[in-house]
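Novice: Make a model of the complete structure from these sequences and hints.
As they're listed, the protein sequences go chains A and B.
The first sequence maps to residues 1 to 507 in this note's numbering.
The second sequence maps to residues 1 to 123 in this note's numbering.
Calculated from the structure, these hints are not laboratory results.
Keep in mind that the hints are not guaranteed to be accurate.
As the list claims (entries may be wrong) - For lysine to aspartate or glutamate, the following DMTMM-like pairs were computed, each having C-alpha atoms within a straight-line distance of at most 25 Å:
| no. | chain 1 | residue 1 | chain 2 | residue 2 |
| --- | --- | --- | --- | --- |
| 1 | B | K56 | A | E68 |
| 2 | B | K113 | A | D117 |
| 3 | B | K56 | A | D170 |
Claimed, not checked - Per label pair, the in silico range of CB-to-CB distance:
| no. | chain 1 | residue 1 | chain 2 | residue 2 | range |
| --- | --- | --- | --- | --- | --- |
| 4 | A | I106 | B | S72 | 20 to 30 Å |
| 5 | A | A11 | B | T80 | 40 to 50 Å |
| 6 | B | S72 | A | G180 | 37 to 47 Å |
| 7 | A | L189 | B | G19 | 35 to 45 Å |
| 8 | B | T80 | A | Y143 | 33 to 43 Å |
Positions of the beta carbon are idealized from the N, C-alpha and C atoms, including for glycine.
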Amino acid sequence: MIDPHECEPAAPASVLVVDDSRFSGRKLSKAVTVLGHRTELVTSGAEALRVLNDASFDVVLLDIVMPEMDGYAVLASMKAEASLRDIPVIVVSSLDDETESVARAIELGAEDFLPKDFEPTILRARINASLARKRFRDRELAYLHDIDTLTRAAEVIEGGAFQPAELDLDAVTSRSDALGGLAKVFRNLAEEIYDRERRSDLTVRTLRGTLLVLAAGSIFGIAPALGRLASRNDLPPLGVVFWSAVVAAVLCLAVSVARRGLPRPRRRDFGFLALWAVVLGCLYQLLTVVIAEHVEATMIALVGSTRGFMVFLLAALIALERPSIRRFFGLGLGFAAVAAVLLMRETEERGDLLWLASALVLPFLLSIHTLLMSWRPRHLDASATVGLMMALSALFLLPFALAQDALFLPSPSIGQREMITLALGTSTAVALVLALNLVATAGPVFASQMAYSQTLAGIAWGMILLGESLSPVAWGSLALVIVGFWLVEPKRAGDDFRITLRMREDK
Amino acid sequence: MNAAEIDREALGRLLRILGDDVAELEDLRNDYMEDAPALARRISEAVSQGDWSALKIAAHTLKSNARDFGASRLADLCNTLEHACDEGRPEDPQGIAECIRREEEAAREALSKICLDRLQSGA
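Specialist: Written out as structure tokens, the structure is:
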């Protein structure tokens, strides 16, 4: 509620004196100044309107009889303009013979009148009364404006999506009355809901990210084992990688066309797709198969776990994500868990040192691939993006495969060669689609933990496809890797995070 | 014509309105001394041109100023002329304008002789 007694009519005010007579205007100005107010004197109606539009006044003392634009015309103009309508006007008149003029001015909206031969006490009383009404009206308008602000804030929340800053309630919460209290409660509740939804979003992202890390890593981890199988069957690496790229491209594009119709890439997307095709579809895939000829799959998997650190460092260097001790510790825990399981495992065959060192290129390429995925074209769905990238990879690999005479023709009766090619193409397609979703959900640093699930999966696939067994230590290490997931946390929702609320409908 | 009389009570009220600021009253009197003959001239010109609107405004302004400075006879003459303008063409406007001119001169002379400092002390 607005308390009219809280107004201070005696506080200094700004008064405009309008009188064409230099003498009368000056007398009136001086009299008002003596009362402690500020005055500005103008000598015509037109000048009065100009000054009123340029500066703020609390009261206008207006002479009626003036040449050109008289007091009535000034009053009518003021009442017609919203910004001037609420300024109280006291008309100055010779009361003895201008009663009708005064009555007309009051009908036009004048607040009060003052005789020309006024007494100082009368002037004080009339100015104070007008000021009290003006200040009460100002407070009333401010109150209504604040209610309007609060209502708009409620509408923003009711609209379904909001950020606390959009509520714009600072001015209302600074009030010391009940409305200010209500605004504070309202804003606190809105902030509480926003924080709760943001925490909930983080939990959902973590869970989804963890599942995607496990799924994509497990599927992608099969590549070294398949590469080793290919080398055991004397399959040309370029031919295997080319046909697996064709399989992945056909599979992804078929899914994309079935779900959303033909993908429509833009010209600028091809820069990203070509770079990604070179890094992943050509170099990574080819080097995996080539290196797997010389290094056992489990060792490739071990070296692959360094990818987590590489992505972490690259993301920090290019300021893609904020580094933190907690994240560093989480990645280190995952790395230590993987190292432990491999160091405790007896290896029967190791590639020579040069090939083992060259295997470090694979996690490096995967790090670049992980970061590249952050810049994927958003208007293309994951299947279309992977399909187009793998098609480009096949296109890039084709001349090399032809030149090397590595382009075998798949047989209609599916043998081991076709199975390896199909498995490599399918696993690559599925893992990459999942990885794209993972980067979008949890950010590249969290996605880099795929290195651990991929490492453990690489070991597991090696054991399954190459006849090895899984030790209890490997299971323990898997548990440590999962703890590492929680320490790294997915990318937090940024400041642009907007929560969406479903409002309950009134029945 | 009799010498104009100045209503000292009106002057005292004006001084109170000005917060007993004699210097300000002195300045205002100087303004009056400059403005009053100009207004009287404007009245004569308006009469000769038959511009009743300008005549009314000039008479109204001089009436207010004269009343503030206690020149009651001058204020009454102006009031008569102003009201006559309201009702249409005034009767014998030249005669009234001439009366106003003479009364204005007399009032100004009387006002110039008043020592404003003595008003404050109530003398």
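Novice: What hints, given by number in increasing order, does this structure fail?
Specialist: 3, 6, 7, 8
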